[in-house]
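4 protein chains.
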Amino acid sequence: MVENNFPEDFKFGWSQSGFQSEMGYDNAMDDKSDWYVWVHDKENIQSGLVSGDMPENGPGYWNNYKSFHEAAQNMGLKMARIGVEWSRLFPEPFPEKIMADAKNNSLEINNNILSELDKYVNKDALNHYIEIFNDIKNRNIDLIINMYHWPLPVWLSDPVSVRKGIKTERSGWLNDRIVQLFALFSSYIVYKMEDLAVAFSTMNEPNVVYGNGFINIKSGFPPSYLSSEFASKVKNNILKAHSLAYDSMKKITDKPVGIIYANTYFTPLDPEKDNDAIAKADSDAKWSFFDPLIKGDKSLGINGNKLDWIGINYYTRTMLRKDGDGYISLKGYGHSGSPNTVTNDKRPTSDIGWEFYPEGLEYVIMNYWNRYKLPMYVTENGIADNGDYQRPYYLVSHIASVLRAINKGANVKGYLHWSLVDNYEWALGFSPKFGLIGYDENKKLYWRPSALVYKEIATKNCISPELKHLDSIPPINGLRK
Amino acid sequence: MVENNFPEDFKFGWSQSGFQSEMGYDNAMDDKSDWYVWVHDKENIQSGLVSGDMPENGPGYWNNYKSFHEAAQNMGLKMARIGVEWSRLFPEPFPEKIMADAKNNSLEINNNILSELDKYVNKDALNHYIEIFNDIKNRNIDLIINMYHWPLPVWLSDPVSVRKGIKTERSGWLNDRIVQLFALFSSYIVYKMEDLAVAFSTMNEPNVVYGNGFINIKSGFPPSYLSSEFASKVKNNILKAHSLAYDSMKKITDKPVGIIYANTYFTPLDPEKDNDAIAKADSDAKWSFFDPLIKGDKSLGINGNKLDWIGINYYTRTMLRKDGDGYISLKGYGHSGSPNTVTNDKRPTSDIGWEFYPEGLEYVIMNYWNRYKLPMYVTENGIADNGDYQRPYYLVSHIASVLRAINKGANVKGYLHWSLVDNYEWALGFSPKFGLIGYDENKKLYWRPSALVYKEIATKNCISPELKHLDSIPPINGLRK
Amino acid sequence: MVENNFPEDFKFGWSQSGFQSEMGYDNAMDDKSDWYVWVHDKENIQSGLVSGDMPENGPGYWNNYKSFHEAAQNMGLKMARIGVEWSRLFPEPFPEKIMADAKNNSLEINNNILSELDKYVNKDALNHYIEIFNDIKNRNIDLIINMYHWPLPVWLSDPVSVRKGIKTERSGWLNDRIVQLFALFSSYIVYKMEDLAVAFSTMNEPNVVYGNGFINIKSGFPPSYLSSEFASKVKNNILKAHSLAYDSMKKITDKPVGIIYANTYFTPLDPEKDNDAIAKADSDAKWSFFDPLIKGDKSLGINGNKLDWIGINYYTRTMLRKDGDGYISLKGYGHSGSPNTVTNDKRPTSDIGWEFYPEGLEYVIMNYWNRYKLPMYVTENGIADNGDYQRPYYLVSHIASVLRAINKGANVKGYLHWSLVDNYEWALGFSPKFGLIGYDENKKLYWRPSALVYKEIATKNCISPELKHLDSIPPINGLRK
Amino acid sequence: MVENNFPEDFKFGWSQSGFQSEMGYDNAMDDKSDWYVWVHDKENIQSGLVSGDMPENGPGYWNNYKSFHEAAQNMGLKMARIGVEWSRLFPEPFPEKIMADAKNNSLEINNNILSELDKYVNKDALNHYIEIFNDIKNRNIDLIINMYHWPLPVWLSDPVSVRKGIKTERSGWLNDRIVQLFALFSSYIVYKMEDLAVAFSTMNEPNVVYGNGFINIKSGFPPSYLSSEFASKVKNNILKAHSLAYDSMKKITDKPVGIIYANTYFTPLDPEKDNDAIAKADSDAKWSFFDPLIKGDKSLGINGNKLDWIGINYYTRTMLRKDGDGYISLKGYGHSGSPNTVTNDKRPTSDIGWEFYPEGLEYVIMNYWNRYKLPMYVTENGIADNGDYQRPYYLVSHIASVLRAINKGANVKGYLHWSLVDNYEWALGFSPKFGLIGYDENKKLYWRPSALVYKEIATKNCISPELKHLDSIPPINGLRK
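Quick note, the sequences are listed as chains A, B, C and D, same order. Just so we're aligned: 439 in our numbering is position 447 of the first sequence, and the numbers increase by one with no gaps anywhere. Just so we're aligned: 347 in our numbering is position 355 of the second sequence, and the numbers increase by one with no gaps anywhere. Just so we're aligned: 207 in our numbering is position 215 of the third sequence, and the numbers increase by one with no gaps anywhere. Just so we're aligned: 313 in our numbering is position 321 of the fourth sequence, and the numbers increase by one with no gaps anywhere.
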């Protein structure tokens, strides 16, 4: 039997990172962040690698978080996934001893070191995060705290030097010491905020960090240094860092610790010929990351069982064609469409050219469920759609896709939309509008129509029959044949 | 001081005609209507004058009116303007005596004749209308009953013969007898339903009846007989009919009696050169109709003061260029754009090519207010927009336009959106989607996102700050430069 | 074996009517033509039935025919099909006796009556036509003279009255007398110009005369009077008129006499389901007209063998769906696409929305060839394409389609492009640009690129390998998915 | 007086590089070229920096040059600018002594060293170039030989290492030794081919080499290493290399030696506010390069007078806005439009998004003429337009722009279109179609319509009145508002 309602304890909410939303007022600068340096780098701007938009002109969550929370509350949202910025909490390097031990892989993470670290934290930033998170809690919104959403403090990462091929200790994930340092930082967050969250995530989309930073370098992600080898090294350090962080955090909390991952759904150009490619792509893109964490991987020194839950970010699919033993991802589909037109499959595309493909979310969820049987959250899903033309359809049809997965047995515990309010979309700057809510030049929030649609869904915990028609591909107008 | 709230007694609601919405079930046929005959005429269909869509496949308000009313109630609507169909109430001709007297212009409309007429009414239809209107009343929705919204009974009108140039008594508004017959019918409605309505309208958009029926005959309106002379004759008969109906109705009711009119806002192509054209066009399009009714016109035998209120229907503007003493209306603007693209002014167009021009509504209201100082309702305003892409903007920006007029002093008492539910758009059939609500193959209603937006406005009696951003021209996407 | 060259005696040329091209200078007015009256009629203009463009602002062939001919000569063209205007040659009615006899169906067409008629002809117009045609001859361009290309003299046709349903003798093809009058006029042309032409055509697209004049009345063709019955009557009179004209003309000339017909190629929406519809549509559209002329039809009094050749006009296809015993032609294909976009089949459309479908020309030719084995000319083929974007492809791919038919055995003797120079496209006025050549405000001719392409083909009598790539559907650009 | 004809000795022709056109057959590989290595680099392909198209699948000029030349001859072309590939002539390093001397800046270029070098040249390649150029000469087509069109031999350049920040001697233009080596190579070409050419160019668009290679690295040009400092160093070495090459070449030949440069025309967003930006941009983009060569520059050791002529490559403009003391180039104009739509100025864009802006060519020519009074050739001008929709307009309107400059006094001696045949457009691969001529899978050439237009112009040495209409912006269709 198909159920129309979501499970009673299912949570509708939103996802948000620190760097993309916090700044916007003079007193809220996060200039000790490597991403801050990166997007201000003149050569990066001149070359078009980054937009030239400045994150300090953002929506200003750091100051006006209450208006964000109030809007979410009015929208009936019950969960938020928010990131904390390492560079805010520790704008200066960890003490030398810790740095040295981490370098030697001899750091022990325990209460002593955590209370030691507490002396070095930026107290104002720490208290401000706690204030923000308390405000969330007081509104009966459950919080998932995410430790890492791409920026690192400048004392760990100098992406401009890496981009230039200059040797530097501050090479971010390329320097092995980060494994222990990250675990320490994550543990410290739990140590200070254990009561504020219902769950923790170590990282958001770590696969994008090495994918865009070292392979798809036109994306303009730091360090834009093209190297499969470095990508691979970063991937390994990330796996180790999560594992160590997991173990350390679980010593302090019983709350579930997970990771949030960027997913696409692979479709074969020709189902008869290209199916092999799908299995291979899934293995490369997903299982090669999750199997070590869940099943263990000797070469990485990971003994498995390092995840209590999986966070699924999903935006669109990827079309594949088999190519020898491997595969090629085809232009004109998925993430590589042209803006505001249709793909070869007559699917509409978003303001940044991403294809409308809601069924992929169900299938991605089922892929994970069938392989791991772990609880899941949809931790990101949304569309760059300034006019809010497609978002009502996008929202309903992707949520309907989640419901179908639940009705097939998948344990999905929440759907967190990306994003509540328009924010800084990394190298693309402010032009992509992912928010259910926009903001004006005074940083007043205004609702897009889909915010009302989401409110209907969140409040009723179902897609009510009146909204069912939005579970479809948006009609293609004359100009969008 | 600009007020953000609408006056406390301001009503948000919707407008609806009989013929366009009632049918949809087997037991609800209205086949004694000349429009029914017209859209079934094989030659009309073959020629493309009419769509070939059949009104008997409509949304079925006659049967499922409660679901319409319930939706409106949920949407916070407080007023409805609904039409009654002469052909349903009197599928057979009025008694001979009445017909003969009307022909001689010697009919007296009084209680005797009304109670005589009562014997000939279709009791089932009458009671069903009363049942429908009571349901509206019971939901605390104010009702304006409109007597005439284009169809006539076949015993009065045979448009196919008129189209062919065949002489016939059944020539609708071309036969003078209709003046008294219409007044009688209208009075009868008041006689039977006085308590159900808060106001009455004699006619909806009479100017379209002769404009499309006798001038713009590509519109496919009956009788599609091209003749300025006939257009003029119909106009005069309509003016006389309204006047006589007004006098007759006011003998029975104190409630305000008005008329509903199709308006456009005239803009000059070159403000320096073409301004004369505007005054002339306004005079031709509006004042030549309203002045006789309000100020009187000896040649028509109308002594003025025949309106208690004015109903303003507005969809888009008309661009004019001076041409000699007259003017030319320009293609590529207003009603004559191409579907789903932009006009030369970079304004977006709707699914049927109408231009987005909200400021025109304010100006049209002010035109009327400055000239007549009569109370007004916006009795129609809406957009054909299946995807609901522009409607949220259309809705908010037109309602904001009304508010600006109110803040300038105009006495506007309500805004009635066209329409609540998708319906039969005359010769165009079902393809234009004007509804806040659509319906599926089981005639279940589904809400478009803008229905939620309208609910916000109607419920709060203002355009709340969160929605202000929708008071703008919809963003033009890549494809819609 | 497939031949790449056209037969040695194959002619490339162009087609042109009188009314559409002749006017353009003050001394060249053709105001005794019913089409002249029709397009000047204020009600027609006001209603949008006609464009408001005035044919007297045309390209001015009457005066500057030499520049037309010179361009054609430079282009390597060897054949022209040109129309003469009855209203120019006989602006006043034929003598009473002739009118009376024609009414009684008792007119005898012989040398006596032709020499009698010679007294009434407008000598200036006659001599001017002869002058024009001699100039063509002197340039070694073969001429086909066409007698009737839609306009009639006003003394035979008052379409405005017919449109109004007013009884009139001047009802054009509805008045039976036209059968003999037309035969007389056609014979007179042969009588005076036999030596100037290589072949004669009685009529151009007679099927459009009744199809658009009495059925598809939104096309704005005179008399825009909707009546299947009248359409049928006109069709019969046209068939009789051609037959009588054929017999009369052949008494004077041995040169081949044919008729030029408007064709479309019918394609089934679903080849498995809709094939019956194709046969029926072909029968209705083509065989019901040609069978009587070729095989005879007792009820019409036609004994067959009335055609020496068939002129095929082809622009695009028509998509059909079976509907009961009949069929429906589908919107969004063929003639009913939207301008400058693509159809559902991803075929591009022209400036007036016609679909690119070159293969249809081959199939239409083969249809005729298989049924009648008569010689054929392609007498019209072209595209409204102001930018000349698709015309190079259109030209080559349609000419290639003709070549395929020839290689299959069809006897096609020439290809005449519509048109050499932009002209007056009837109710649409000047906006559709069908010319290989345009003209500026001084009526100077300028070549579009496809004129150079046509020159290559005409000069070499083949589609040279260098041009083969143009035998394809034009590439769909980003905006034209 | 405005002349309509071009000067009698004006040459219409085409431009072509080696790397982009030569390959296409197995025996024609140029795999010792750094660009060959670059576009085959797996990381480059995977990252999307390069297209993945392989130059060895090109049009194959090396083998079928005669079909190119024959087409040009048929088109009436009288001049060609062709590049030679260093890597073909010297696939192996120059002898050690030469390398060492160049490193020490102590190389003397004289007949001895040239005859010494002759021992090391690839004789087959040398003879083949001579054979090709003789074929050009025999067809009465004047030849300009260009020495450098971006690729370097791999023994001089390892762009993948440079991209990675790895120190290498093979750093191309970053290694100072190239100054003397380039001068030697250029002199050697003159030494061997002096009689085959009417003029020589040292380099094609050297400004793109450092602009795209070190600044706009998303373009995917080698080495895609972002560094203003390196860009500046390369610029200086290029200036020195040209100067030395000029002096060395002029010792061997009297024929004019020039340089070919990539130009854009700068337009101010707001002519009242942004004019300062134009002067500054012109200085940065043009005068900072040409002034040292022509007027001399002590710091570079250049004493001026190093150019006999200037080659102007022009495709579109650049829109600027003043920004502080500098300027910003605006997106949505010039080179940064979206494909196949219009810019904010309603100018159409090409298949790769470049804006149609013909007037810029005239102005750029006049800029040079007014400053330097040197003879000029337009050495590149063309459009990526697979459908050949805009190219007829582009061709005529840019050639008309050249004519206007000539009529104002500029000494422009020829117009060389880019390109004759579609070729390999560097990192973009084969998808941009710049050819007047395309080719099929058998490398047969097919003409686009504009080839016929160009033939008209080249043959008549003027834009004949019949083609004047093409001197305009292409009409914007429905879809291209």
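Just to be clear, a hint being listed does not mean it is correct.
Just so you know, same-sequence chains aren't split out, so a pair can sit in one copy or run between any two.
[To be verified] Only pairs whose alpha carbons sit at most 30 angstroms apart, straight line, appear in this in silico DSS-like list of lysine-lysine: (1) Lys435 x Lys323; (2) Lys210 x Lys323; (3) Lys210 x Lys159; (4) Lys24 x Lys338.
It is worth saying that the hints were derived from the structure and are not from the lab. In this text the structure is predicted, and so the values were computed from the model without any measurement.
Against the structure shown, which of the earlier numbered hints fail to hold, in ascending order?
Result: hint 4 breaks, nothing else.
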